Amino acid sequence: MDMTGKKAPAEGKVRKRAISDVWYSVLLITPATLIILFFALFPLFYAINLSFRHVDLTSAVGIGPYVGLDNYRFALNNKIFWESARRTLIFAVGAVSIELVLGVAIAFLLNQLRWFQGIVRSLLILPIASAPAAVGLVWRYMYHPDFGVYNGILAALGLPEQNWLGDVRLAMPSVIVFDVWQWTPFVALIVLAGLQSLPKEPFEAAELDGASTWQVLRRLTFPMLAPVLTLVFVLRAIDAIRLYDAILSLTHGGPGTATETLTYHLYRIGMKYFRLDHASAISLLFLYVTVVFTLVALRSMMRVQAERARRA
Amino acid sequence: MLGKLRWLLIVVLLALLAACAPAATPAPEATPTSPPPEEVTITMSTIAGFYTDWAEEVAKEFEEETGWNVEIVQIDFSQLYEKQVIEFVGDTGAYDIITYDVGWKAEFANSGYLLALDDYIAASDPAEIQFEDIHPALIEGSCRWKGKVWGLPFYTFTMGYFYRCDLFEDPDEMAAFEAEYGYPLDIPETYDQVADIAEFFHRQSGDTLKGEALDEEFYGIGLMAGRFPHVQDEMMSIAWTHGNQLIKDDGTPGVTEPAFLEDVSLYVDRLVPHAPPGALTSAYDEVVGQMRQGMIAQTAAFYLDQWPNMVKTEDEVPGAEICAAASPGAHTWVGALTLGMNADSKHPDQAWEFLKWITGPEAQRKFAEGGGSTCRVSILTDQEFLATRRLAAGHFPPLMQVLDHEASCNFYPNYYYVPQGGKIYDEETAYFSAATSGEMSVEEAMQNLADAIEGHCGGPCEVPNDHLGADYSPVPCPFTFDRSTMMRK
Amino acid sequence: MQAKTFTMADLVRYTLVIALLIFFLFPIYWMVATSFKPPPDVLTRPPKWTFEPTLVNYIYAFEEANFAMFIKNSLIVSLISTILVLVAGCLASYSFARYNPGAGHLMFFILTTRMMPAIAVIIPFFVIFKTVGGTAIGRALSLGLDKPGALVVCYTVINLPLAIWLLHSFFQDIPVELEDSARLDGYSRLQVLWRVVLPLAAPGIAVTAIFCLLFSWNEFLFAFLLTRDVARTITVGVAGFWTQRGILWGPLSAAATVCVVPMMIFALLLQRYIVRGLTFGAVRG
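Chains as they are written, first to last, in the numbering used here: chain E, 2 to 313; chain U, 1033 to 1521; chain B, 332 to 616.
The hints are simulated quantities; they were obtained by calculation from the structure and are not laboratory data.
Hints should not be assumed to be uniformly reliable.
[As the list claims (entries may be wrong)] Keeping only pairs whose Cα atoms sit at most 25 angstroms apart, straight-line, the calculated DSS-like set for lysine-lysine is:
(1) K461/B to K403/B
(2) K273/E to K1280/U
(3) K461/B to K273/E
(4) K1115/U to K1378/U
(5) K1180/U to K1280/U
(6) K1344/U to K403/B
(7) K1344/U to K1180/U
(8) K1378/U to K461/B
[Claimed, not checked] Computed spacing ranges between beta-carbons, pair by pair:
(9) R470/B to L35/E: 19 to 25 angstroms
(10) R376/B to V62/E: 36 to 42 angstroms
(11) R219/E to G517/B: 55 to 61 angstroms
(12) I596/B to R300/E: 34 to 40 angstroms
(13) L70/E to R376/B: 17 to 23 angstroms
[What the hints assert, rightly or not] Where chain E lies over chain B, by a calculated footprint (3+ residues, C-beta under 8 angstroms):
(14) 347-356
(15) 374-384
(16) 396-408
(17) 416-430
(18) 437-443
(19) 446-454
(20) 596-605
Owing to the predicted nature of the structure, the values given are computational and were not obtained by experimental measurement.
Heads up, the beta-carbon is just placed ideally off N, CA and C, and yes, glycines get one too.
So here's chain E without its partners, still in its complex pose (with noise of 0.2 angstroms):
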């Protein structure tokens, strides 16, 4: 008898296979493998195409002739490419290193909860599953120096009112506290479900030991929890540098161009632009360094499943 309750057919005999375990297995894959690479790699050869092209989509050249590396030489000369690389990365630096510490910290004051962590751990699930591009509107209503909510609150705390996203100086931090919001709640349940899973019996030791919390957090805990805090990292760090909704709905790249990330600066090439050859060339560059990246996520991702693994 089987799960289900049935009684098998022939019961005590091997069948005979029907086709090796090779073929069987390349036919279950078979069917995501070809939507994949039909829907991936199309793409990726025609941006790779254009990449080595003059491409001016709304000019009477349209998809123009050969220009070898031109347009990588054009990307990687361009003083407005490089600026929205380093306000990426200064909102990526920014952001997940918040969201790290931030998370952690989280993460062990739940952990330490002796009643309704559940609930708790359900509420902080909120941020995360919300739309950017929708909440990222409420926010920009929130920031908002008049009628917005959060400086009616400073006001009425009698603090001086900012102007969130219209200040030079605010903008950028302003977009880096509503990331914040919303991820910092993803740090803190990985890292959480992180501590959970560490086994008790060398915390037990180290207590018998007499050894002190900030011992114990050195020796034992960060060192046990650093696959999950790479991993956790990484998922951020990829994420992060490729952030547009939220962009795009809290300031539209401004108060001029400060917030303009790289996306944000792809978009308005490619879309406002439509130099379709500058913007496959700069997301082919973007795409080796997200890959890279995924590597060493990989890399992480294995080394957490091999440590569960080794404790099982």
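We have chain E already, so just place chains U and B on it with the hints.
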């Protein structure tokens, strides 16, 4: 029942029109007067949220009349350019009728995205179009390029100037102003005066305004200084008034000329400090909001079509009166949202019928009745129409003056003709905003803008405006605002 | 069993927790509150904390802004793409878990297909759907521009890598012995998959479904560029409240609430598996 009555009215009106119209030229096959047997859907892309009720109503009447379908696709203005261009570039023909802004006219025409309308106009019944009724300044600025007509306008956003006339006419304020600045407080005739007024009316909490103590800061001016296209509209209004062009006659960028830099500096150094902090993220609606909250005394060059929203201040701020005038020099962003025909359209003849209809005198009158800023002179100057409609049409008199001035002076900015206009518009947005917010110094921002302009044009830009002919004025003409036409409360 | 007493440390902890909850939940509260505010109360200085709730904003969103259609489109596109992802994903993921074709390289490649910035691929996608949309198959399957089929395909492609990776960890958890014993009982491999493995992987399938729904529902850029009005989805619709009167924050908040709340409910229901989903299966929740 109401539907049938309306139908009847339309038929009667059309019959009357037909009877009154002069002898029409024989219509060749280009414009069939009877609907073809097959089902046709005409798709029009237009700016979202702008009098769409009116557009839907007009479309419905047209559908009933012709038996064809009309689909109106609404697109947010910030995305209108790329959403339409991607269809052009992809040769989809998805939109039969498209909407373009002044800055995009040359680009769309030059790239072959639009059908020239001259033949269509010539072949149509003039009474249906009444082409001469559309203000010549708008025809030239929004419709003509390289001698042909590329669209018909339906909504003009030509800029003027709004101010709190109750403040400007308060005796104490007037006395104080004259004492401080040496000339009477009145509608500013230069941007220096705008700056003086902005400074004068910028009051802190505790100061008095119109004899009463303020419990919040009051600002001298409202500005659209955020990263939206509107900042360029305000900025260029200052530059054009002084005869400074974005693109010089030889096609090179004019933004790094000392005179131009002075204009930008005037905006950044003398206007922005007296505007609410929200100016740095503002578009037009925020300025209207500020006026209606009683926070500002005046605007800079501002879209006259916002009058119906602006005038509501009078209900929301006790004692306030809003007046509409022309901005200093009256050389501003003169233009309209214009409907053009997609060259890829699968049924241009039918699309033309709808385009004619919605920009035609009848639909435009309905538009004006609903508060829309029409482009038709007959409606703009219809005194009977205006007499009872201050709240909807109080801006028509200054609008006419600005348009008349532009047409008589024959000074149209070179920018209106440059084929890379759409791209340059986007760059201006970024760099003017960089200057106003202080992200870059005025010189640095304008140098970046000049570089960007040259990048897009690939050298000096093409400025095909020879058709303006000998009358073309390379410099702006002097202007005095005639206040006798102002519609007061 | 010791009695749990509330200590000073607990007080500190729970105070911090409450502060955290306020920080993370306040914007959501404000969004929902604004959606129920009468229009004059939306743009006030200072902001209004108490007001008479009204449904006016929701009515506007549904009647004037055609929101019901956007919701319908989002639902159709998300649900269908999720189903396709689950079918193709389960098959592929199971194969990777059990037989590992491609020795990990293929799986890695699949993961990296998500990494390409959308702008570079949008024109090829546009071209593909424009061309396909004109063919008979394209019309039958609704695969053209401004047709839901196009977005279904896009989201399937985007979510397949996530699904394959996520399901991979769930399939690996199922002991091989169960499958082997079923095979000894005489079942074919497909029957084993259908009868033994999939029921055991049900939680994983549920989690994958939720994440696919979440990412499809929240996606903006492809929906924006590949649809016009008929197939427009809810995230694109939220941005469409800028009128000649200005941004209508009340209806916009209503729209954002409708866009955001369903996904939040989903996330709450399956919060047990959220962590696993977010880490592509690497970390157990």
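Hint check:
1. Distance check on the hinted pair: K461/B and K403/B sit about 23 angstroms apart at the alpha-carbon level, within 25 angstroms; holds.
2. Taking the CA atoms of K273/E and K1280/U, the gap is about 24 angstroms. The hint holds against a cut of 25 angstroms.
3. Between K461/B and K273/E the CA atoms are separated by roughly 20 angstroms; this keeps the pair inside 25 angstroms, and the hint holds.
4. Only pairs whose Cα atoms come within 25 angstroms are accepted, and K1115/U paired with K1378/U is accepted, the gap being roughly 19 angstroms.
5. Annotation: proposed proximity of K1180/U to K1280/U holds, straight-line Cα distance about 23 angstroms (limit 25 angstroms).
6. Restraint check for K1344/U and K403/B: the C-alpha separation of about 37 angstroms exceeds 25 angstroms, so the hint is violated.
7. Only pairs whose Cα atoms come within 25 angstroms are accepted, and K1344/U paired with K1180/U is rejected, the gap being roughly 40 angstroms.
8. Of the supplied pair hints, the one linking K1378/U and K461/B holds, its CA atoms being roughly 15 angstroms apart against a limit of 25 angstroms.
9. Checking the proposed 19 to 25 angstroms range against R470/B and L35/E shows it holds: the Cβ atoms sit about 22 angstroms from each other.
10. For R376/B and V62/E, the Cβ-Cβ distance of about 51 angstroms falls outside the hinted range of 36 to 42 angstroms, so the restraint is violated.
11. R219/E and G517/B have their C-beta atoms about 57 angstroms apart, which keeps the hinted 55 to 61 angstroms range intact.
12. The given range of 34 to 40 angstroms is respected by I596/B and R300/E, whose C-beta atoms sit roughly 36 angstroms from each other.
13. At roughly 55 angstroms, the beta-carbon separation of L70/E and R376/B lies outside the given 17 to 23 angstroms, and the hint is violated.
14. Given as covered by chain E, the stretch 347-356 of chain B passes the check, having 7 residues with a CB less than 8 angstroms from a CB of that chain where 3 are the minimum.
15. Counting residues of the stretch 374-384 of chain B whose beta carbon lies closer than 8 angstroms to any beta carbon of chain E gives 5, which meets the minimum of three for the stated coverage.
16. Chain E is given as covering the stretch 396-408 of chain B, and this is violated because 0 residues of the stretch bring a CB closer than 8 angstroms to a CB of that chain, at least three being needed.
17. Coverage of the stretch 416-430 of chain B by chain E holds in this model, with 10 residues showing a Cβ closer than 8 angstroms to a Cβ of that chain against a need of three.
18. For the stretch 437-443 of chain B, the proposed coverage by chain E is satisfied: 5 residues have a C-beta within less than 8 angstroms of a C-beta in that chain, meeting the threshold of three.
19. Counting residues of the stretch 446-454 of chain B whose CB lies closer than 8 angstroms to any CB of chain E gives 9, which reaches the minimum of 3, so the coverage claim holds.
20. Only residues whose C-beta sits within less than 8 angstroms of a C-beta in chain E count toward coverage, and the stretch 596-605 of chain B has 5 of them, enough to reach three; the restraint holds.
Checked against the numbered hints given earlier, the structure breaks hints 6, 7, 10, 13 and 16 and satisfies all the rest.
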